[in-house]
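Novice: Protein sequence lines, in the order shown, are assigned to chains A and B. Residues 907 to 1432 (my numbering) are what the first sequence spells out, left to right. Residues 73 to 334 (my numbering) are what the second sequence spells out, left to right.
Some hints could be false.
Per the computed footprint, the stretches of chain A lying under chain B, defined by three or more beta-carbons under 8 Å from a beta-carbon of chain B, are [unchecked claim]:
1) 916–926
2) 992–1004
Below, computed lysine to any residue pairings styled on SDA-like, alpha-carbon distance capped at 20 Å [claimed, not checked]:
3) A/LYS1373 x B/GLU165
4) A/LYS909 x B/GLU91
5) B/LYS166 x A/ASN923
6) B/LYS286 x B/GLU91
7) B/LYS304 x B/THR294
8) B/LYS130 x A/ASN923
One side only, chain A facing chain B, incomplete, derived with CB under 10 Å [claimed, not checked]:
9) LEU911
10) PHE1007
11) PRO1011
Please keep in mind that the hints were generated in silico from the structure rather than gathered at the bench. Owing to the predicted nature of the structure, the values given are computational and were not obtained by experimental measurement. Glycine included, each C-beta is placed from N, C-alpha and C at the ideal position.
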Amino acid sequence: MRKWLVIARNEYRILTNSIRRIRRYFPILAILLLVFLVGFLAPLMAGWIYGLLHDEFLAFFVSIAAMGTMQLVLFMFFFLFITYPVNSSLKDVRTEEYEIFLSAPVKPSDVLLGKFMGILPLYAIAIAAITGFFTAFLIPLGIGVIETIIIIAVFVLTFLSAIWIGTLIAAILRSRLGRTSRGKDIGKALPLIIVLPIIALMYALMGGGLTQALSDPGTSGTVQTIMNIFPSSWGAGIMTLFAHAAINSIGVPNLWFEVLIRFGGLVLFFLGTLWLGERVASRAYSLEAMSFTASKAKPDGTFYRTVRSIGGGRSFGTLLVSIFKDYGRRFENLSKIIYVVGLLILVSVFFGMDRSEPGSALVMGLFIFPFLAAFVVGEVTVRGKESLFLYRKAPGGEGRLVKARLLQSCLVVFPIAMVYSILSLILVQNITILDVLIFTGLLLLIVTGFVAFSLGLFLLMPVFTDKPAELMGNVMIVMITSIVVFVVSFVLIKDFLGSLLLFTAIVWMLGTAFLYMGKMNLSRIE
Amino acid sequence: MKVLIQTDRLSKYYGKGGEIKAVDNLDLEVYEGETFGLLGPNGAGKTTAIRLLNCIIKPTSGTARVMGHDILDDDLEVKRVTGLLTESPGLYEKLSAYEFLEFMGALYDVPEDILPRRIEELLKLFGLQKRRDYLLEGYSRGMKQRILIASALIHDPPILFLDEPTSTLDPRAALMVKNLVRKLAEDAGKTIFICSHILPVVEELCDRIGIINKGRLVALGTVDSIKKQTRKDTLEDAFIAITGGVRKKELLSWREQRGTSA
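Next comes chain A alone, as it looks inside the complex (with noise of 0.2 Å):
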């Protein structure tokens, strides 16, 4: 059997062990999904919207929004296709396994193949569903035969080969990270900030202002020439100009020779990818160290000093500027609080917000502030039960775990929320510097209750991995909890004012409640 091919058996028997009692019949049972999505539902869908919409389509793929809006929808998919084998790979940032490929005699192409081939069957799957609901929309607009096959090999050739570059930049990025401590880190740190360039590209497109781009004649044209860099948009370009052709009596002058030299292109560029991954798989699968340099602590600067100030200075502060430096020094706790940042700014940017009081301008923080508290405080138990352990072999050490953790929280989250509310506020038409101040008092106020509330959770019900879908768990009840509890406080109070008042309040209960109950639960576990 050849070497890729037993890497690739490996690697789908990996991928597909929680369901290896049905393995076996799995390819039948995928079969017979897509059928049914692709021969059925998606048809069915199509029929139905167009029944509905019929000549907003026409009016869509006639207008000059088509192409770019096209463009950006195959470049999200690609860009998916690219990050989330990278994703997947970096969740879990180990080097070992190279160990095993290079002390076995196999080239490190056959790997690199190997791993994509082995991922393929379930990426296929994706595959199948994405052109089949696409070519579903297709070809009711009167789109033929041949420009349908053609079509279909878009999808694959622009799919297949985002996975194929994928495949190289996990491998090299485990390699690379995978050998220090440091590399780990930010190899758990990547996965967040990767999404954040697709999370703004589509709230630019629901938000409404890159979509009002493309329909300006003035701006779409620099969008397209901008996306037209990406392989994705020459695939777009294919069935936006097939689409054009179809419902355009006149049709599209020098049609077959844009396509050929679209589709001709994406050939080539499918087939670069595959002959550079083949050149660079040698670095990809490589143990040699990159580099010796050991992180080193500085001494305490004036950010610890003032710290252990907060902290009341002797064993407390000391204890606290500890907590803050293991929680500081990981990049994957950073990465978090960016990603909630860049939430926060995407959303203020694209959303807007209403600005006609105090109030209305930090509703979108109530929901957000939450989030980031549940993020920061989630930490307290990833360490695992040992390092609970730690403090509750020291006398006294629970109390002073959850005080430390409590404050150290807060002080990560609050300087983000004072800023933003400032922000927020100093917009609001005829703000007073008294209501800057008690705005952002009371959403400090909101900040710490979350945290509580956050820290009371996590202690009651401990992650003790750092899988981000346990974490996104607790973080979950967090976020639900904040919905429930605006929606509670605006239907009892109708005031802004005092609902928000109430809003407050109820957080705090609830906070001081689970993080009594955290406490105590913090002595039980084992």
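Place chain B on chain A using the hints.
Specialist: Relative to the frame of chain A, chain B by itself:
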């Protein structure tokens, strides 16, 4: 005696200008059928040496021949004739023991008509036959180590590299591994290269030992000859004499601060 492993000024340097010498001008010969032990403190260069000899990393200078194959020019053949148990091994935890050995066998080109039987035999030898279909994630450390040794043996290589083979094992499993190493050397004629800092294991198993410190080979010979060279009664004392250690009078010096209380 036939030389199976021969290093020629083998070196691996890291950092700017190569200031970190992980392995420095290593000249070594290991004979056919011999069990050779490479001893050294943590960070001495043992694992780097093993990685170089298994073509996992490339030397900065110098070279080595493993069963006549040059590690620079003929890496695939070197890999084919060696089996490696690494110190921090990669295991596919979502595979069963059988599946993992099947995968390793296929990687090392074990013929398909031989592989299933060999896996069964190895599982039987390591007492894991009843757990062959359990996922490796549920195995204890010792059981995982046994599977890894089995995977190093799956293609029946003439040369075996074992990096800290007993460090994670309980006494019973460690004894089994020691007996196996002895059997492989005596009855199957394997050449075994062991890296360890557990001195009794090396003393018990190895025909000859080398002591490496800061990348340089600082002693080479039988255990008795090294004890004689250093004029020490035990290998432990000889090892400390060669590589350095903490003096006894320093052990409680940290208590000598006066006027402080815990």
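Novice: Determine for every hint whether it applies to the structure shown.
Specialist: Results for each hint:
1. Evaluation of the coverage hint for the region 916–926 of chain A: fulfilled, as 4 residues show C-beta separations to chain B shorter than 8 Å, against a requirement of three.
2. Beta-carbon proximity to chain B at under 8 Å applies to 5 residues in the region 992–1004 of chain A; the threshold of 3 is reached and the given coverage holds.
3. Pair hint A/LYS1373 plus B/GLU165 holds up; C-alpha atoms about 16 Å apart against a cutoff of 20 Å.
4. Proximity of A/LYS909 to B/GLU91 is assessed by CA-CA distance (about 38 Å); at most 20 Å being required, the pair is judged violated.
5. Proposed proximity of B/LYS166 and A/ASN923 is supported: the alpha carbons are some 6 Å apart, at most 20 Å.
6. For the given pair, B/LYS286 sits about 12 Å from B/GLU91 by alpha-carbon distance, which is consistent with the 20 Å threshold.
7. Taken as a hint, the B/LYS304 and B/THR294 pair is honoured in the structure, with Cα atoms around 14 Å apart against an allowance of 20 Å.
8. Restraint check for B/LYS130 and A/ASN923: the C-alpha separation of about 35 Å exceeds 20 Å, so the hint is violated.
9. With its C-beta approaching chain B no nearer than about 9 Å, A/LEU911 sits inside the 10 Å limit, and its interface hint holds.
10. Given the 10 Å rule on beta carbons, the hint for A/PHE1007 holds: about 8 Å separates it from the nearest Cβ of chain B.
11. Because the beta carbon of A/PRO1011 sits about 4 Å from the nearest beta carbon in chain B, less than 10 Å, this interface hint is met.
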